[in-house]
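Peer 1: Just so you know, the protein sequences line up as chains A and B, in that order.
Position one of the first sequence corresponds to residue 1 (the numbering used here), numbered consecutively onward.
Position one of the second sequence corresponds to residue 1 (the numbering used here), numbered consecutively onward.
Hints in this document: simulated from the structure, not taken from any laboratory.
These figures come from a predicted structure and were not determined experimentally.
Hints should not be assumed to be uniformly reliable.
Stated by the list, open to error - Here are the computed lysine-lysine pairs in the DSSO-like style, where the Cα-Cα straight-line distance is at most 27 Å:
#1 B:416 / A:334
#2 A:375 / B:58
#3 A:301 / A:210
#4 B:6 / A:56
#5 B:40 / A:356
#6 A:175 / A:86
#7 A:334 / B:6
#8 A:142 / A:175
#9 A:356 / B:6
#10 B:207 / B:226
#11 A:356 / B:266
#12 B:287 / B:58
#13 B:287 / B:479
#14 B:416 / A:56
#15 A:375 / B:6
#16 A:210 / A:334
#17 A:170 / A:142
#18 B:357 / A:356
#19 B:287 / B:357
#20 B:207 / B:6
Spelled out from the first residue to the last, the chains are:
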Amino acid sequence: MHALKLACGLAGLLGLSIANAIPAGAQGTTYTTIERGRDLVNAGDCASCHTDEGGKPYAGGLAVPTPFGTIYSTNITPDPATGIGKWSEQEFYRAMHDGIRRDGKHLYPAFPYPWFTKVSREDVRAIKAFLDTLTPVRQENKPTELSWPLNVREVMTGWNELYFHEGAFKADPKKSEQWNRGAYLVEGLGHCGACHTATNVLGASKTGEKLKGGDFGEHWYAPSLTSGLRDGLGQWSSAEIVEYLKTGANAKSAAAGPMAEVVKNSTQYLSDADLNAVAAYLKDSPVEKDKATTKPAAVDKQALSRGEALYFDNCTGCHMENGEGLAHAFPPLKGSSAVQAENSDTVVHVVLAGAKMAATPGKLAGFAMPAFDWKLNDTEVADLVNYIRNAWGNHAPLTSADAVSKVRKGIEHAGG
Amino acid sequence: MATKLKSVDAVLVGFGWTASILAKELTDAGLQVLAIERGKFRDTVPDFATTHIQDELKYAVRHGLFEEPARETLTFRNSLDQEALPMRHLGSFNPASGVGGAGIHWNGQNWRFLPTDFKIRSHTEARYGKNFIPADMTIQDWGVTYDDLEPYYDKFEYLCGISGQAGNVQGKIQPGGNPFEGPRARAYPLPPLKRSYATVLFDKAAKDLGLKPFPCAAANTSQPYKNPYGVQMGQCTYCGFCEWFACGNYSKSSPQTTILPALLPKDNFSYRTLCDVTRVNLDSTGKRATGVTYVDVQGREFEQPADLVVLCAFAQHNVHLLLLSGIGKPYDPRTNQGVTGRNYAYQITSSVNVFLKENMNPFMGAGALGQAVDEFNGDNFDHGPLGFIGGGYIALWTTGGRPILQQHGAPKGTAKWGGGWKKSMHENYLKSVSVATHGSVMSYRGSYLDLDPTYRDVYGNPLLRLTFDFHDNEYKMSKFETDKAALIAKAMNPQSIKINYREGHYSILPYETTHNTGGAAMGADPKTSVVNRYLQSWDVSNVFVMGSSVFPQNPGYNPTGTVGALAYWAADAIKTKYLKNPGPLVQA
Chain A
1 MHALKLACGL
11 AGLLGLSIAN
21 AIPAGAQGTT
31 YTTIERGRDL
41 VNAGDCASCH
51 TDEGGKPYAG
61 GLAVPTPFGT
71 IYSTNITPDP
81 ATGIGKWSEQ
91 EFYRAMHDGI
101 RRDGKHLYPA
111 FPYPWFTKVS
121 REDVRAIKAF
131 LDTLTPVRQE
141 NKPTELSWPL
151 NVREVMTGWN
161 ELYFHEGAFK
171 ADPKKSEQWN
181 RGAYLVEGLG
191 HCGACHTATN
201 VLGASKTGEK
211 LKGGDFGEHW
221 YAPSLTSGLR
231 DGLGQWSSAE
241 IVEYLKTGAN
251 AKSAAAGPMA
261 EVVKNSTQYL
271 SDADLNAVAA
281 YLKDSPVEKD
291 KATTKPAAVD
301 KQALSRGEAL
311 YFDNCTGCHM
321 ENGEGLAHAF
331 PPLKGSSAVQ
341 AENSDTVVHV
351 VLAGAKMAAT
361 PGKLAGFAMP
371 AFDWKLNDTE
381 VADLVNYIRN
391 AWGNHAPLTS
401 ADAVSKVRKG
411 IEHAGG
Chain B
1 MATKLKSVDA
11 VLVGFGWTAS
21 ILAKELTDAG
31 LQVLAIERGK
41 FRDTVPDFAT
51 THIQDELKYA
61 VRHGLFEEPA
71 RETLTFRNSL
81 DQEALPMRHL
91 GSFNPASGVG
101 GAGIHWNGQN
111 WRFLPTDFKI
121 RSHTEARYGK
131 NFIPADMTIQ
141 DWGVTYDDLE
151 PYYDKFEYLC
161 GISGQAGNVQ
171 GKIQPGGNPF
181 EGPRARAYPL
191 PPLKRSYATV
201 LFDKAAKDLG
211 LKPFPCAAAN
221 TSQPYKNPYG
231 VQMGQCTYCG
241 FCEWFACGNY
251 SKSSPQTTIL
261 PALLPKDNFS
271 YRTLCDVTRV
281 NLDSTGKRAT
291 GVTYVDVQGR
301 EFEQPADLVV
311 LCAFAQHNVH
321 LLLLSGIGKP
331 YDPRTNQGVT
341 GRNYAYQITS
351 SVNVFLKENM
361 NPFMGAGALG
371 QAVDEFNGDN
381 FDHGPLGFIG
391 GGYIALWTTG
401 GRPILQQHGA
411 PKGTAKWGGG
421 WKKSMHENYL
431 KSVSVATHGS
441 VMSYRGSYLD
451 LDPTYRDVYG
461 NPLLRLTFDF
471 HDNEYKMSKF
481 ETDKAALIAK
491 AMNPQSIKIN
501 YREGHYSILP
511 YETTHNTGGA
521 AMGADPKTSV
531 VNRYLQSWDV
541 SNVFVMGSSV
551 FPQNPGYNPT
561 GTVGALAYWA
571 ADAIKTKYLK
581 NPGPLVQA
């Protein structure tokens, strides 16, 4: 279990770490470096990928499915034989900054070096210092299961040429210190865009689509973090963003699926100062024109009323007839950006498999929604999801029974 | 040969309401705590999911959440001259098995006992004279007072998020509440549930008769609620599936919905499921417990050493374990000597079916959605001319309208089967309700628990034997209550009513309530009680006993509120008194 880090004190330490702001003398003791490293490791959500289900923390082995095959996360405990025990600070920095392994071979960008390249050298040093304090775990890394030609690591040279922009974070002098801190976290260690930005066929973030929503994989769609009023964060206050990242839910939404993991393993540990910085940065994105028409998507009337009936029978006990949920308990569907996301996979996923909210000190209960896959067929799920995405002023593109079927086949059951 | 395990500070037998409370309080005090539960782990999702749980056949008829008599049961007889036989099916009570215990499948009817309930013998003798108490009635004061327990009642109510209307706040009578309740420090955490139409009619009828009806306090949340442990609850949907079911949307108070999210992540707490505790082990002096022995589901036996042993199982099971372990002298009804097994009591109930003229929509209900009157409970009325002790509340509950077991029957004269029955059911299902009485049962020399001389369980241990019957005092009291209920029923302006008095010997077969009490009675005198006022064994001071097994007799209310209050009271005594100076908290 992670020790809960209290905000004060650490906030100050983190606040100092923007770019190269730390004067050499202030690095102080190893202890403070390690503590700072722990917070940075939390901010980077390293545990989520580098810990297998039921496995030892940071010993790797988690299967990360990609469109190109399965990649297994690696052992980042300080075991000399199987972990990073023999890695020098410089070698570790090269991995973070350039995506190059100790043996000089390329890493795949499932390891988010396109974001980590922005992390300052001092922060990387602190991260390594913390990882070096972990109990070494002797656990061999599993070979990747990528198909040719991607299984030849040299091809990443070309990929990097095309899509990788090496370079540490450069503060924008026109923006506030808080904004810059937020940008550093979101665009760097936080690697939010790894999920929340759409990718091209080669798995690289599309330019111009930054944080406008993306595919996490495994039939989870990461919604837009832009200022979109319908499917972005336009309706969220900074305080609501902070509450969501700190506790896993706010009056507008609750984290489910991979984002619940992110909250559980990462954002709940961020200091209030950092969370406010993230919120300030995200809230500063330009308001863009809503891609969806202003009218609800044209749903077949009969299908809509079937969906409404299904909603009434299955969902109103928690989400209420008006879709507003119950304050502090069950998340609203009305006005939810995740519900109205461009891609319906997340909603379909949650209906089929259920979901569990992150249990954090601020919201201990960790409410879960049961699975409905055993009860509703593909057409019913499609009707229900289309209703939810187009009722109470919501609007979003329609889904189909075929699309539901694909999600059903692709997911593992999370509940009931 | 038992495998000896590493010692813990405190071992809890069972993992229901009282164990959860003790575990939270003792781990907060820094103790390493282990709970051992005979059933499985369960949680709201996936086990109680809304789309699964409203299944009357699976849960109410086939007992999906209860203990299995094939694994653990008891023998029963009405009187000492009979031979007790083992129960092979559950009957008049339904104990649970599994994490959360019966806190999972209760209705959520949450009451405080009356101040006079806690000093029933001294109060009765003072008001009516010593001779008013029959010679074979073994009632006794609790050794703890209402005022002692008030802060702990409050704690349990705020843990659960009880919905209700206070009747007496710091001595000030509150309009709309129960004017007979003891003074409470503050109002309930949540307002009462929405009323059903039937409770509105009951309310009016009771007022017309000059009574003071009030909404029953419910462990079904009328609004979302966050308790002092930081655990959030949802809001009741009035789905009508509380009793014998689990709640699917986090709105019925249970260990799972109020404590476990704050308890389970703690490093100094652990639990083991599917393990039967078979003994509390004592050292050579017999004055100190060294831990417990348990058997896991694979039949392996383990010895779990502990500095403190707290029995948190269901009432009879606590007593069974005390008897098997030789804690306290077994009670002998012939000599009236001994304590363990003494003063078993139960509840006496009756009802009046009311067939109304309008639709009541009984399917919209909640386990504790009810309106009650308390004029005829405890000593709220003059018993002098009546010649009995005790009483009960009279209530109209709208707990649900399930199709198999929960329709209120048909009026007198209706055919019991076939077309005539169907027609009557069709006409009356939406229009019939029931006014219930919930009566106290006193304790007697002939009502007790001991070890069966013949029948043994799977481990070769003697089964627990229950000897119990209703007495004249209870029949008189129940008749009195039922007649009062009938008066209210008639005042509801029905088409007809049907009075169901409680008659004949106690039968363990039809369901009545799961309000089994006594056998490890608390009190001020070690000659008549197993545990002292802090629920600590008189004989083995590092053993505490929780739950309704410590009730010296059974008042006219549902027990859970008092079970919760006593658990907090005992936990506080352990934390603030016992741990500082382990040993007897009251000198015998």
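Peer 1: Hints numbered earlier in the text: which of these fail when held up against the supplied structure?
Peer 2: 1, 3, 6, 7, 8, 9, 10, 12, 13, 14, 15, 17, 18, 19, 20
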